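Engineer: Generate coordinates for the entire structure from the input sequences, incorporating the hints supplied.
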Amino acid sequence: MTRIFAYVPFKNGVTDDVALEYPDAAKKIDAGASLTAVVTGHGADLDNVADALTKTYSEVIKIDNEALAYPNAEIVRKALTHVIPADAIVLVPHDTFGMDLAPGLSIKLDSAYAADVVDFEGMDGATLKLIRQELGGAVSTHVTCDAASGAVITIRPGTFAPADEEGASGTVVDKSGEAGDLSAKRTFLEVVEAEVGDVDITKSDVLVSIGRGIEDEDNIEMAQDLADAMGGVVACSRPIVDAKWLEKSRQVGTSGQTVKPKIYMAMGISGSFQHMGGIKGNPFIVAVNKNPKAPIFQVADVGIVEDILDFMPELQEAIEDL
Amino acid sequence: MEILVCVKRVPDTAENEFELNAEGNDLDRDDLVYSVNEWDNYAVEEAIRIVDNLGGSITVVTVGDDEAEEVLRREMAMGANNGVLLSDDAFEGSDGRGIATLLKAEVETGNYDLILTGAQADEGAGQVGGMLAAMLDYPYASLVNKIEPGEGKIKVGREIEGGNQEMNEIELPCVLSIQTGINEPRYVGIRGIRKVAGVEIPVKGAGDLGVDAGSVGEAGAKTKRVDYFVPDPGDGAEMLDGDTDEIIEKLIEKLKAKGGL
Ligand SMILES: Cc1cc2nc3c(=O)[nH]c(=O)nc-3n(C[C@H](O)[C@H](O)[C@H](O)COP(=O)(O)OP(=O)(O)OC[C@H]3O[C@@H](n4cnc5c(N)ncnc54)[C@H](O)[C@@H]3O)c2cc1C
Ligand SMILES: Cc1cc2nc3c(=O)[nH]c(=O)nc-3n(C[C@H](O)[C@H](O)[C@H](O)COP(=O)(O)OP(=O)(O)OC[C@H]3O[C@@H](n4cnc5c(N)ncnc54)[C@H](O)[C@@H]3O)c2cc1C
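Protein sequence lines, in the order shown, are assigned to chains A and B.
Letter 269 of the first sequence, counting from 1, is numbered 269 in our numbering, and no numbers are missing.
Letter 143 of the second sequence, counting from 1, is numbered 143 in our numbering, and no numbers are missing.
Just so you know, the hints here were simulated from the structure itself, not pulled from any lab data.
One should not assume that every hint holds.
Derived, one-sided and incomplete: chain A residues facing chain B with beta-carbon distance under 10 Å [unchecked claim]:
(1) Glu134
(2) Thr187
(3) Gly256
(4) Ile263
Examples of chain B residues toward chain A, derived with CB under 7 Å [what the hints assert, rightly or not]:
(5) Met131
(6) Gln165
(7) Thr223
(8) Tyr228
(9) Phe229
A quick note: this is a predicted structure, and the numbers were derived from the prediction, not measured.
Quick reminder that beta carbons are idealized off the backbone N, C-alpha and C, glycines included.
Structural biologist: Shown next as structure tokens:
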């Protein structure tokens, strides 16, 4: 029988959303598989989280140690390698913690590795069939993964259907005693909060959001003019911040702001999942992109194939003429 | 500091429209424009800044075919001192673990204090750096957007959710994967590339690295890419067509209906 172990991160006593997404992923891997949640941490927060997870999982493994109070990937990895059987399938979210933990974990468990998986097509013997994307979502691939001696897999957050059943009444298994040596060569110091900017893009109903398609810093004015005409503000994708053309607080995405506008105008943005991950509340998304195959057209409501440098001034004029 | 930077030659997402080949199982690679992975330029720039301050030297390494040499030259034009190309028919079809196995062998031929990779490459996996570190038993930090060098230990900032920064202290030698935005990579002109055009770049195969050919390449791969496909755009966006005026008219109607104007 396939055995699946799902690592559940949590913060301030609240589990990551992925906790409810694992059951769907596990079912798609193998409907007959056993699914165990694994949590690591220290103290009352950990106990509460482990108890809460028994509503969704029939078995919850907890590993309690002072060294695990902050999720340092090197220490979590050590603990997991002692507790998870080598031939298991291990699920981890593809986020900044998962990217830190999972590749090295696959080496230490001597397991196969597949990253940022968006769908599974089941097991064929010990071979797991899955789907992932490449080139920023422009193309997808079918991948086979030899899981005979285990597999570590990161899944894309928000992709699998969240379970609503709170039907399970599972048990917590305390494996703190098996965690082994938890010394590490990397020490966590502190978290420095992102700076707050002049403009709060999270408060606006209309966002004119620019990506690398803006091509030049001087062109940002066009987006500002359009945003003014629409009564909105200018937001952006990450490359615009990396180039220091706009401040970090304008960036939409997993490593930027989470926004909930009514209208999201994506101008010259390809539609990477890290960007789209920052857009919540199901806004009306208009994508303008000169590439008819841009992945953003798969997720936008309305798509327009145009050069934004021509299109934005024309749209602005038309709106001003209303 | 002796620094090794791992770089990958990738199709340039800004320059290409991706099409499948006639069989529908691979990209049509004939006319693709390639460049160095975006993240790797930040890694090389960071290495240059560290060496400018503390002394030392930078080696860039890639696993690839003959054409991959061009990305090494580009990074040498930026300021890396040496380049190494790991190339052998036996390396073809390597998965991330295979690539990491080869890079580990190269690391062991040198005396590096610091090994840098990009946070991710064209395939969006972000796997090679973490695997390499685990194989070497070196500490690792991913998504690094700040490095403060020190003696025997360095301080690194990791970019975490929401753009917050997680500060860590990490022992040397270590492996770091570099996130974009950590610096502003310098521009490389044609003249810079010409300057390094004649520099000899050693090519190493399985024998030179002492790697068992069965542990890398297709033979060693536990994950295999079966084919490429483009998802059905069926439930995607409603595409507005016509000339620009017509499109704008339709768009304005929709924006009005959604309360956006
Ligand atoms: C851990 C991690 C976190 C990340 N967090 C974020 C995040 O929070 N936010 C974020 O945005 N990204 C984030 N990224 C980066 C993300 O993966 C993408 O690289 C980024 O979103 C791409 O930005 P883009 O769409 O502007 O650029 P590209 O992908 O280069 O797309 C540019 C688009 O513009 C189009 N275009 C070009 N010129 C024109 C023109 N004249 N007119 C019309 N269209 C044009 C092109 O066809 C293309 O589709 C993160 C990455 C990692 C690894
Ligand atoms: C024709 C072809 C066939 C392939 N077949 C398969 C297959 O069957 N199965 C499979 O899993 N993969 C296959 N690959 C993928 C290939 O082996 C990838 O290079 C490997 O998976 C690592 O790339 P990544 O994009 O995942 O790297 P990531 O881990 O996302 O890259 C992060 C960083 O690692 C370093 N890095 C990555 N690749 C290299 C490199 N080549 N040289 C030096 N440093 C590097 C860079 O610093 C990079 O920034 C194939 C590739 C090609 C071109």
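Engineer: For each hint, tell me whether it holds in the structure or not.
Structural biologist: Tested hints:
1. Checking A:Glu134 against chain B: minimum C-beta separation of about 5 Å stays under 10 Å; hint holds.
2. A least Cβ separation of about 5 Å between A:Thr187 and chain B falls short of the 10 Å threshold, and the interface hint therefore holds.
3. Checking A:Gly256 against chain B by beta carbon gives a least distance of about 5 Å; that is within 10 Å, so the hint holds.
4. The interface hint given for A:Ile263 is met, as the beta carbon of that residue sits about 4 Å from the closest beta carbon of chain B, less than 10 Å.
5. This hint holds: B:Met131 has a C-beta 5 Å from the nearest C-beta of chain A, less than the 7 Å allowed.
6. With a cut of 7 Å, the hint placing B:Gln165 at the interface with chain A holds, because the nearest CB-to-CB distance is about 4 Å.
7. At about 5 Å, the closest approach between the beta carbon of B:Thr223 and any beta carbon in chain A falls short of 7 Å, and the interface hint on this residue holds.
8. The closest approach between the C-beta of B:Tyr228 and any C-beta of chain A is roughly 5 Å, which is under the 7 Å cut-off, so the hint is satisfied.
9. Hint on B:Phe229 holds. Least Cβ distance to chain A is approximately 5 Å, under the 7 Å limit.
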